[in-house]
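Chemist: Combine the two chains into a complex, taking the hints into account.
Residue numbers (the numbering used here), protein chains in the order written: chain A, 1 to 283; chain B, 1 to 283.
If you're looking for bench data, these hints aren't it; they were derived computationally from the structure.
Mixed in with the good hints there might be a few duds.
[As the list claims (entries may be wrong)] Have a look at the derived ranges for each label pair, beta carbon to beta carbon:
1. B:A271 to A:N157: 45 to 55 Å
2. A:A219 to B:G239: 47 to 57 Å
3. A:F30 to B:K43: 17 to 27 Å
4. B:T231 to A:I5: 24 to 34 Å
5. A:A6 to B:I232: 20 to 30 Å
6. A:A176 to B:N24: 28 to 38 Å
[Claimed, not checked] Simulated pairs of lysine to any residue, SDA-like, Cα-Cα distance not exceeding 20 Å:
7. B:K96 to B:H17
8. B:K84 to A:S175
9. A:K87 to A:A250
10. B:K84 to A:R181
11. B:K84 to A:A183
12. B:K49 to B:E244
13. B:K84 to A:W173
14. B:K84 to A:Q184
15. B:K235 to A:E109
16. B:K262 to B:K96
17. B:K43 to B:G217
18. B:K84 to A:L24
19. B:K49 to B:N39
20. B:K238 to A:P105
21. B:K262 to B:H17
22. B:K84 to A:I237
23. B:K235 to A:P105
24. B:K235 to A:R181
25. A:K222 to A:R234
26. B:K235 to B:L219
27. B:K43 to B:Q21
28. A:K87 to A:E23
We treat Cβ as the ideally placed atom computed from N, Cα and C, and that holds for glycine.
Spelled out, the chains give:
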Amino acid sequence: MARNIAPPHALDLIGRVFDHFQELHGDRGFRDDPAVVGGIGELSGRPVMIVGQQKGASTEENIARNFGMPHPEGYRKAMRLYRLAEKFHLPLITLVDTPGADPRPEAEERGQGEAIAKSIQVMTRLATPVVVVVIGEGGSGGALALGVGDVVLALENATYSVISPEGCAAILWRSATEAERAAQAMKLAGPDLLETGVVDALIKEPDAGAHTDHDATGAAIKTALVAEIDRISRVPIADLLSLRYERFRAFGTIVEPGGGQAPATPAPWWRRALRNPLRRERS
Amino acid sequence: MRLRNPFGRKPKEFPSHLWTQCPNCAEMLFNKQLARNLNVCTKCGHHFKLGAAERVELLADAKSWTEMDADMVSSDPLGFVDSKPYPDRIAAAQAKSGHKDAVLTGDATLAGIPVALAVMDFEFMGGSMGSVVGEKITRAAERALAERKALVIVAASGGARMQEGTIALMQLAKTVAAVSRLDEAGLPFVSVLADPTTGGVLASFASLGDLVLAEPGALIGFSGARVTSETIGEKLPKGYQRAEFQLQHGFVDQVVPRAQLKERIAFFLNAFRIAGQDMRWSL
Ligand SMILES: [Zn+2]
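Isolated chain B (complex conformation) (with noise of 0.2 Å):
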């Protein structure tokens, strides 16, 4: 005997490939306005994860995005195996989303200013850092530098990858070197933390832009609320470690909606900017 669904809808109504519930108002949602909306529910305004592509479209005006490092890919510094060997799953995450490894870097105009651009994907193995994504952040700063334009990177981060171990843990010092000499050569750097942004990479740059900015409701913190939770005993509050937390604890700068976050980004980066120079910070 079939149950009948205590909400009175039938499921068939809202087939999955065609419609999504909002996990915070529980408002069906069509996927193509959905995707229209920048994955923001039109009902509540719950911020969806946004894919890297999307981001880009989102952040990079249209025609000028240009890839850098795209054929990068992580060799299995450790041969690591746990329920499956990490080559596996790294083609495993390749083929599902459409990209090498978990971060695309490339250069771009944001508002008709030359940015260095990085924008994560929590969709590959949880936007986890190893080599691949430490290298391409920090040579997209390298370029900013050599450039002499502003870096802009959006994390979306369950931290570092653990199967390619001590040398993934480097990865922090290494990408903090690279963003730092930004900051001693007078460019901005805007970190945008989108969700999740935890473990080593909120532990790394993402923490040390000039400025930091958060989408709304994104997950923000240093260790898993697990390991929290089991350490004190205790269920964590609503809201904990959300953007909004961080913004209250006083380490985001900003929560902003992401159908606001180009514009603000330009207008810090225009403010940034030397009076009557150009957008290259030339010194």
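Extracted from the complex, chain A is given alone in its bound form (with noise of 0.2 Å):
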């Protein structure tokens, strides 16, 4: 069995992961962004789509790959992607790994902001399944707008936060050596996002780490994306599309002293009638 140095990268993973996996390009209207790679493959035997951030394992790569940092166009590409998966239904699953989208002048003129925005409404809207996997680095807004979901999944050394700890530490700190502090105050780690329900479970990693291991961790992914498709194929896509509102609409800590106005909404019928399929015990 290879033994590997590097984490493994959405590539690596999706020829464990998919049989038959067939790349798609372009956004349809600038370029191919070559940050966020997309296509078909079959999950099992089942065909599904998958668009994912790319980072490169060698220098060359990663310069290649924009270090997994898409541009406005890359985002458009996954939303092409998503509207294809949903016209022909097929589950879209999304593997989440940058550090954050772009930052040059290029991806600001071609509306960076609004491309994450109009991505992660795609998703909270996509009528069909949709299975999110945090594989290594959940970067901020880059990575929310492949990160709605009906499950989201995290390798266990997974990280997923607000902004890079370096940016955290520049701003709060005033020094990006804190970096290290910063990490640790916003509990990004995969444990911490457990508890706070923004990563349903964990997947586990070889003994080692996933870097030791890619085949043992794309068996490790399949298993689970195997459950999860085959859990949430089940429940009727009006339903899905309802809990997956809910599933984002319950994050925040609130305190209301005065006991809150919230828009008196009737409980949906899935509420009253059954305990929520996607949610599931925490231990």
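Modeler: Here it is, written out as structure tokens:
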């Protein structure tokens, strides 16, 4: 078995999790962003759409992949594939792995903020099952543009944060060298994400970490995905969309001394009739 | 020995509680007159930031404003401490601004048209979006949906609130999902981008208005200029990420001077009315 030293990136895992993967390119507007890959493959015989952020294993490859930092056209390519999945009722699986969206002026000129907002919007109401897997680095809004799903999974050593620890340290401690402290304070590691519900379940990595055994990591992701897709594919799509809304609607830690003025909305049928099929028991 | 003021005016002539210097044209402006002119320089038209309460006064018809969720506050989900604990920062911002968090939301009429109105306040921790901003904006959108009326949001924010970690990031998906329901229901959402609208707020609801209007000179962008400048190793040109830059690149519909903002929003909402229908966009 090959012993790897680099963490597995999107295409490494796609090749191990899905059969007959065929990559699709381009946003149909500007260019093909190499930091976002996508295409159609089979998950245990079932056709699915896969979209992921792609980093490189070497410096050269990383430069070609822009270190996994998408430009707006990368998000627009992702949106095109999301809609294609919806049209043909393919479950969508996204693989999140980015330090964040590209910050260069050309990305701003092409609407980085708008592209991320739209991508989030398309995912919130995409009428097909969506499973998100954070496979490495979930870096802020640039990650969330691939991160809205019915179920969000993460490799146990993955992180997911509102801003990079370096960025947070530079702003709040006025020193990038405090990144370690910022990372601690922001609680961006797997167990914290599980506790806050940002992630529904962690996927166990090989004992020495995902980077030591890409095959075993791929196998673990495949097992988790088959189970999740099977489970959520049985939920009627209208209910799935309500549940997806509720999943993200519930995030927040507010206190209302006066008791609150939330608009009265009747509990939907599924809440009265059954336990939410997407939430799992927390130990 | 005291240095002479090279501009020939003694600072004493312009005590800062009475006078403000325009950063654009250097004119000394009498504070009372500046406030009367909606915080717009009387000489060059430079738009100073406008507080949330003044903004409500600008947009809502006299005596029509009912604030909602005014007592909502954030808890400290991460126990976050940088140079001081997060609860201390909130308390300081509350004392300084007189608000509980960085957005005021409520119901009002705007030139006779019923609207749900949300106005962000940059003075409160940089207008950052955490649980409270996310929840109040979501409720405003849900109220507009329930009452079938328009939603108007004035954004003024540096982005997501780092002190709430990944929960703050999830507010992007939560608010996007909420405003998207208005879109599906055929209800209008006007997004106004005030100075500044950046980061996670631009990458969520603020970019998703049926109309996106910006105030003259407002800083609007996803990535902070400092990060961009460090990435490319160059200084950024004058006007970079300003409202006019975004207009030129196609990401805002209009740059609207503050004095015309209310009548312009009213013009569009009236145009969006179904002929013969009232202002509630009934089905
Ligand atoms: Zn001026």
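Chemist: Can you give the numbers of the hints that this structure goes against, from lowest to highest?
Modeler: 3, 9, 16, 18, 21, 22 and 24
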